[in-house]
Amino acid sequence: MTRARWALIGLAAGAVLAVGAAGFVGPAGFDVPAGFLRWSRVLLGALAGGALAVCGAVLQSLFKNPLADPYVVGVSGGAALGGALVIALLPTAFGLLEAGALGGALLATLVLAAALVRAPAHRTGELVLLIGILINAFASALITLVKTLVDASTAQSMLFWLVGMLRYPAPTVLGALAAVLGAGLFVLLRDADRLNIVRAGDDEARRLGVDPVPVRRRALVVTAVIVGALVPVCGMIGFVGLVVPHLARALVGADHHRLVPAAALLGAALLVLSDAACRGLFASLGTELPVGAITALVGAPSLAWILLRQLRNGQSHA
Amino acid sequence: MVKAMLELDRLRVTRAGRPVLDDVSLRVHPGEALAVLGQNGAGKSTLLDAVCGLLPLSSGTARLLGDDLAALSVADRARRIASLGQRPVAVALTVRERIAQGLYPVRGRAPASDPAVRAVAEELDLATLLDEPLSQLSGGQQKRAHLARVFVHPEARLFVLDEPFASLDVGKQDLVASALRRRTAAGASVLIAAHHLKTALDCTDIVLGLQRGRPALGPAPSATVDEPRLHRLFAPG
Numbered sequence: 001m002t003r004a005r006w007a008l009i010g011l012a013a014g015a016v017l018a019v020g021a022a023g024f025v026g027p028a029g030f031d032v033p034a035g036f037l038r039w040s041r042v043l044l045g046a047l048a049g050g051a052l053a054v055c056g057a058v059l060q061s062l063f064k065n066p067l068a069d070p071y072v073v074g075v076s077g078g079a080a081l082g083g084a085l086v087i088a089l090l091p092t093a094f095g096l097l098e099a100g101a102l103g104g105a106l107l108a109t110l111v112l113a114a115a116l117v118r119a120p121a122h123r124t125g126e127l128v129l130l131i132g133i134l135i136n137a138f139a140s141a142l143i144t145l146v147k148t149l150v151d152a153s154t155a156q157s158m159l160f161w162l163v164g165m166l167r168y169p170a171p172t173v174l175g176a177l178a179a180v181l182g183a184g185l186f187v188l189l190r191d192a193d194r195l196n197i198v199r200a201g202d203d204e205a206r207r208l209g210v211d212p213v214p215v216r217r218r219a220l221v222v223t224a225v226i227v228g229a230l231v232p233v234c235g236m237i238g239f240v241g242l243v244v245p246h247l248a249r250a251l252v253g254a255d256h257h258r259l260v261p262a263a264a265l266l267g268a269a270l271l272v273l274s275d276a277a278c279r280g281l282f283a284s285l286g287t288e289l290p291v292g293a294i295t296a297l298v299g300a301p302s303l304a305w306i307l308l309r310q311l312r313n314g315q316s317h318a
Numbered sequence: 001m002v003k004a005m006l007e008l009d010r011l012r013v014t015r016a017g018r019p020v021l022d023d024v025s026l027r028v029h030p031g032e033a034l035a036v037l038g039q040n041g042a043g044k045s046t047l048l049d050a051v052c053g054l055l056p057l058s059s060g061t062a063r064l065l066g067d068d069l070a071a072l073s074v075a076d077r078a079r080r081i082a083s084l085g086q087r088p089v090a091v092a093l094t095v096r097e098r099i100a101q102g103l104y105p106v107r108g109r110a111p112a113s114d115p116a117v118r119a120v121a122e123e124l125d126l127a128t129l130l131d132e133p134l135s136q137l138s139g140g141q142q143k144r145a146h147l148a149r150v151f152v153h154p155e156a157r158l159f160v161l162d163e164p165f166a167s168l169d170v171g172k173q174d175l176v177a178s179a180l181r182r183r184t185a186a187g188a189s190v191l192i193a194a195h196h197l198k199t200a201l202d203c204t205d206i207v208l209g210l211q212r213g214r215p216a217l218g219p220a221p222s223a224t225v226d227e228p229r230l231h232r233l234f235a236p237g
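Heads up: the protein sequence lines correspond to chains A and B, in order. For what it's worth, the numbering used here labels the leading residue of the first sequence as 1, then goes sequentially. For what it's worth, the numbering used here labels the leading residue of the second sequence as 1, then goes sequentially.
If we strip away everything but chain B, and leave its shape as in the complex, we get (with noise of 0.2 Å):
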């Protein structure tokens, strides 16, 4: 039996004492891609910075190829998981030096002048922007600068990314759909929030849809999630 990539198991984890995500019990194997779709507030920014070891887990299991994420440290984690926020904070730094951070958690350092940061940088078409400042460029062109970061990583196991389709135009948006697919085809696994629905639908093959922080869709592979589901998980109330 292939082992999963990640396993989470009951997942709970509250706030000021009341959950904002409970029950929750996925696996996610090598090559597989999870897109985690629900309402503002339904608790998928939670599931993703839980299982990036950003929020403690008041109960409940997160495994990654079965070791405890919980039990990793912050650069052990860092090794094997590529991860993005939904709002990265535009530093003042260059598109190649903003990328290049992507190789510390494996280099130990953030070599600007990598190959991998040019070879990234093409991937997402920003190779002619390299040399501009994050601050200068606008938000669809700072978005990809971040995904580069993740993307550039060269070890990681597990990608997790919040709204990676957030501000992009639908060109840009199939760019990074490629971007992932090639990681997923290399043996990677993804894990996405995202309310772009039909791309996220295209690039993932299992959905898990949350409300109010509890399981209201699957996990059911994405070909098989239809409209009505849809509806039905996005429907006010």
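In isolation and in its complexed conformation, chain A is listed as follows (with noise of 0.2 Å):
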């Protein structure tokens, strides 16, 4: 058996092992869930978790850019957006704000597809970080606007969707975000060779017999429709979906066939301890950190770390 299937059992068993721990640690002092609420988060963590590890990985493939993520690239930006707004002008029940926030992903994927198609493919690289930073700064923009616009407590509200925290889903959320992700894995693992094809560039797509460009509309779509449905239930949550593909990569390769489900183990099980630290290094204060806040701040050490690596090994970084 090879290195890399043996660190794929072992992120396997990781990721079984954190989910277990993370369903005992206590909650804060004010807010006490028990039972399955508590497991309820600790799911919604592993799944979020995953998720977004899963589309890090494929977007920085995709875009042969290691600092691509959905938080950077626009899309999670543009679920925000499209959540915002329902939150100011509709009701937010009847699946309106879940619409919202995947009309908002994919209007951006699409913005960002629709900018890139003319680009030399040697500068995609760049250029998707700049047009990310131009969805993030315009989405960012209008949702300030609405927030004025809006009276103080739905303002308030809207603040309160925005963080990127856990929170107690519901069963059938819970099941709509499994389903939502295993369709995604599905897709983005049946296109594995092809990714590890497109990877290398449209000529050489080609000339193994690959059409790059549905192969890459289908990993975008995925990538939307799986952030358009993590942003209405734990906001925006950054540094997962950049920082653990390099992890992952590290681990078992950059073979897609290892690197999506190695990523969504390693996702999973970082994201259930990051929300655990949350719950139980404040719990003596009677209060909890956001995840998203943790996540930054191990986040943005560790890529610096893992690009000085990269770096100095002169390694590719997809």
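Hints in this document: simulated from the structure, not taken from any laboratory. Built from N, CA and C at the ideal position, the CB exists for glycine as well. Treat the hints with caution; some may be incorrect.
Each pair of labels, with its calculated beta carbon distance range [as the list claims (entries may be wrong)]:
id, chain 1, residue 1, chain 2, residue 2, range
1, A, Ser140, B, Phe234, 54 to 60 Å
2, B, Ala220, A, Arg118, 40 to 46 Å
3, A, Trp305, B, Asp131, 23 to 29 Å
4, B, Asp68, A, Glu126, 37 to 43 Å
5, A, Trp305, B, Glu122, 35 to 41 Å
6, B, Ser59, A, Asp202, 22 to 28 Å
7, A, Trp6, B, Gly171, 33 to 39 Å
8, A, Arg123, B, Asp68, 31 to 37 Å
9, A, Ser140, B, Asp131, 42 to 48 Å
From the structure, some residues in chain A lie toward chain B, with a derived Cβ separation under 8 Å [said to hold, decoys possible]:
id, residue
10, Ala13
11, Leu189
12, Arg190
13, Asp193
14, Asn196
15, Ile197
16, Asp203
17, Glu204
18, Arg206
19, Arg207
20, Asp211
21, Pro214
22, Ala250
23, Ala254
24, Asp255
Both chains are given apart, each in its own frame, so use the hints to dock them into the complex.
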């Protein structure tokens, strides 16, 4: 058995252990959910962490940029804007909030793809970051504008909704998220060989009989749908999609057959443990930290270390 | 009469309205190898990319065993033609995974454990490097891994290689030339663009010289191409 397969087995065991252990970490003082409620939050963390890491791994490969993730390229920003507009203008029931977030994520992806369609291949990596910055700036400005136009309580609920944190989802929400993530993983794993080939460039893909356009389109739609489904449930959690794919690649290599499941398992384990730390470390203060803050605190220096290491070893990021 | 493996008839490719390849006609029969020679910018890579369907033809036709190449799908073309560009990207895969990608056009997947992967790695002296990351290898080793990705193709009728000898030492150039001869001996055809004249002439049957996108030498049998003709092809101006 190869080293990469052992690493995958280790990651699977680690993810199960992390989920099991996190389910027993004490909650914050003022909010004492027990039983299923606490487990629902742990399972949400596993689904969200896995999904964000998979999206990051795929975006980094597609755009040949080590800094690409749903947050950076603007897909999360689009989802946030879509959801914020629903909070401001429409009732949030009947799935409208989720539809708004999904529509925003798809629209941001469409803008990204349209802007890159005529870009020369060697500039895609840098352009995707610039376009992501523009989408995020635009979305952020519009959200700020909307917040100033609505009443204080709506603005407050919008702000609360946007913070990246894990809450206590209903079983139906967990089931829906699991279904979306499962379908996304199925599509991405079925396309694993094609994603490996497209990563080497469009001409190389065509030489190997793969039309890169539908492969890229499928992967982008899967990413947008996953992010659009996640943002209404847990806001914008950064750095998981950025850092975890690098760690997964270091463990199992860049072949998407292994990279996608490895990123899912590692992302699940890390977000569940980060959230457990948020609940456990601040319990004595009667509060808890949003998990997005922990992922950013740990993620930023981790990413700097990974990139420096790759530069030193002359490795390609994707 | 034997059907030509590759038949180009008055091929013309334009870029931004200007011809970069014009009036190129040739025939390569099964078991034959053709070398395209010329200065930098003469149109060698353009010709090879056009044959591989990566560039649209402005006029003329390209046929493979009688079938119009422009009418074939991306997948159909890749099942019949194994090709490599001038500057393949060193993606973050192991040598084994990179070679296995050459099986994709026929198998619809890239199984790294396939015995054909090891066989072609041994043919190009890569067997000890199979599990090394491509990015950690020297330029010449990477080049051989990319070439192995081409040679592993189990059903290719035509091998199209742009500068297959670049970055290789003399011994490794001989390895690649031998691999090409084995493919032609098995009935496939070969089309290469090359700057390594001696090696290219040694392992091909026909030569086509290009100047500013137009034929300036041949197509002629390699054995008849002497130094004065090559000198004229590469003369400045």
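Hint by hint, here is what the structure shows:
no.	hint	result
1	A:Ser140 with B:Phe234: 54 to 60 Å	holds (59 Å)
2	B:Ala220 with A:Arg118: 40 to 46 Å	holds (42 Å)
3	A:Trp305 with B:Asp131: 23 to 29 Å	holds (26 Å)
4	B:Asp68 with A:Glu126: 37 to 43 Å	holds (39 Å)
5	A:Trp305 with B:Glu122: 35 to 41 Å	holds (39 Å)
6	B:Ser59 with A:Asp202: 22 to 28 Å	holds (24 Å)
7	A:Trp6 with B:Gly171: 33 to 39 Å	holds (37 Å)
8	A:Arg123 with B:Asp68: 31 to 37 Å	holds (34 Å)
9	A:Ser140 with B:Asp131: 42 to 48 Å	holds (46 Å)
10	Ala13	violated (24 Å)
11	Leu189	violated (12 Å)
12	Arg190	violated (10 Å)
13	Asp193	holds (5 Å)
14	Asn196	holds (7 Å)
15	Ile197	holds (6 Å)
16	Asp203	holds (5 Å)
17	Glu204	holds (6 Å)
18	Arg206	holds (5 Å)
19	Arg207	holds (5 Å)
20	Asp211	holds (5 Å)
21	Pro214	violated (11 Å)
22	Ala250	violated (11 Å)
23	Ala254	holds (4 Å)
24	Asp255	holds (6 Å)
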